[in-house]
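For chain S, the structure is supplied; the task is to place chain Y on it using the hints.
Heads up: the protein sequence lines correspond to chains S and Y, in order. Residue 390 in the numbering used here sits at position 106 of the first sequence; the count goes up by one each step and never skips. Residue 85 in the numbering used here sits at position 83 of the second sequence; the count goes up by one each step and never skips.
SDA-like mimics (lysine to any residue), calculated; alpha carbons at most 25 Å apart, straight line:
| no. | chain 1 | residue 1 | chain 2 | residue 2 |
| --- | --- | --- | --- | --- |
| 1 | S | LYS354 | Y | GLY99 |
| 2 | S | LYS341 | S | TYR306 |
| 3 | S | LYS340 | Y | VAL97 |
| 4 | Y | LYS11 | S | GLN391 |
| 5 | Y | LYS59 | S | VAL328 |
| 6 | S | LYS354 | Y | GLU105 |
| 7 | S | LYS341 | Y | ASN104 |
| 8 | S | LYS354 | Y | ASP42 |
| 9 | Y | LYS59 | S | THR332 |
| 10 | Y | LYS11 | S | GLY369 |
| 11 | S | LYS343 | Y | SER4 |
| 12 | S | LYS354 | Y | GLN43 |
| 13 | Y | LYS11 | S | THR368 |
| 14 | S | LYS343 | Y | ASP3 |
Looking from chain Y toward chain S, a few residues come up when the C-beta cut is under 10 Å (computed):
| no. | residue |
| --- | --- |
| 15 | GLN8 |
| 16 | PHE47 |
| 17 | LYS59 |
| 18 | LEU90 |
| 19 | PHE92 |
| 20 | GLN106 |
| 21 | PHE108 |
| 22 | PRO110 |
| 23 | ARG113 |
Label-pair restraints from in silico Cβ distances:
| no. | chain 1 | residue 1 | chain 2 | residue 2 | range |
| --- | --- | --- | --- | --- | --- |
| 24 | Y | THR17 | S | THR304 | 37 to 45 Å |
| 25 | S | VAL334 | Y | LYS11 | 33 to 41 Å |
| 26 | S | PRO292 | Y | GLU56 | 31 to 39 Å |
| 27 | Y | GLY54 | S | GLY324 | 25 to 33 Å |
| 28 | Y | LYS11 | S | SER291 | 29 to 37 Å |
| 29 | Y | LEU41 | S | ASN308 | 15 to 23 Å |
What the hints contain is simulated information worked out from the structure, not anything from laboratory work. Idealized CB from N, CA, C, for every residue including glycine.
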Amino acid sequence: TQLLEQSPQFLSIQEGENLTVYCNSSSVFSSLQWYRQEPGEGPVLLVTVVTGGEVKKLKRLTFQFGDARKDSSLHITAAQTGDTGLYLCAGRFSGSARQLTFGSGTQLTVLP
Amino acid sequence: DSGVTQTPKHLITATGQRVTLRCSPRSGDLSVYWYQQSLDQGLQFLIQYYNGEERAKGNILERFSAQQFPDLHSELNLSSLELGDSALYFCASSVGGQAGNNEQFFGPGTRLTVL
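Next comes chain Y alone, as it looks inside the complex:
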């Protein structure tokens, strides 16, 4: 158990819908990272927040947005869902704000299926 929690574990929805994925980092970690893992694209970095502020942006679509709240939990919002958005979405947390210098602890993921 990494100490990072993600809900829900599974999510099935239809095209065009909007969903929210939730992540609680390890106690004491200030950074939250979101990743998308699909069979054809591998693990792709989406976005990072550090202590409530956006810190780095990766291959995140404009239909996707995220935020980190004062209690440091984070939410990833996916809208106008398409079939290709079906994937595993992972949240990771670390103590500091530098992705490569800090060990990232990954949550168990949310499996999103868009029908």
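If we strip away everything but chain S, and leave its shape as in the complex, we get:
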């Protein structure tokens, strides 16, 4: 079974602080996606990374794909209360083209 491990599981910070969330696997990803989910709603795609070492920026969010394509990180700069939510990474493993495997998620709470 191919697993994605996310850390930390829970994160509570003050508005204005920076944070990093990690997504790791022992297997190689063909591609990896990050989603954000708010209570009562489905996950919403933030970014897809495909190339090892790739870095993508979305306003205050920076996504990095590891060189070996086995890990990824999401860094948020100057967090805002609106960033509160469940952050999920989802990977498509090499040889498993047709399904996404989701991590267990990081529940982020940004306090005013």
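Just chain Y now, with coordinates in the frame of chain S:
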């Protein structure tokens, strides 16, 4: 609003019963995916249909089945329900058939409670 609709939003039923969850994909999307999200298991892929045909199967129990109709809406049937089946069930849709290459748009989910 993702454009994916799911009904019902909430469902409460008893053990041993059978329920049907319904999903309408975004206009133009050919793929429908079903996921189960529970507190202890996270978001688990169940099954995918593409243009009416089963495309991929994940951790779907034999008590569960799904189908996609000619108008591309999909139904997930859950039978002989157990307490452990209580969860959020999400439907997602995408244009193409490759899960990792196409953005999936998730519906708002159906919360199933089995008593």
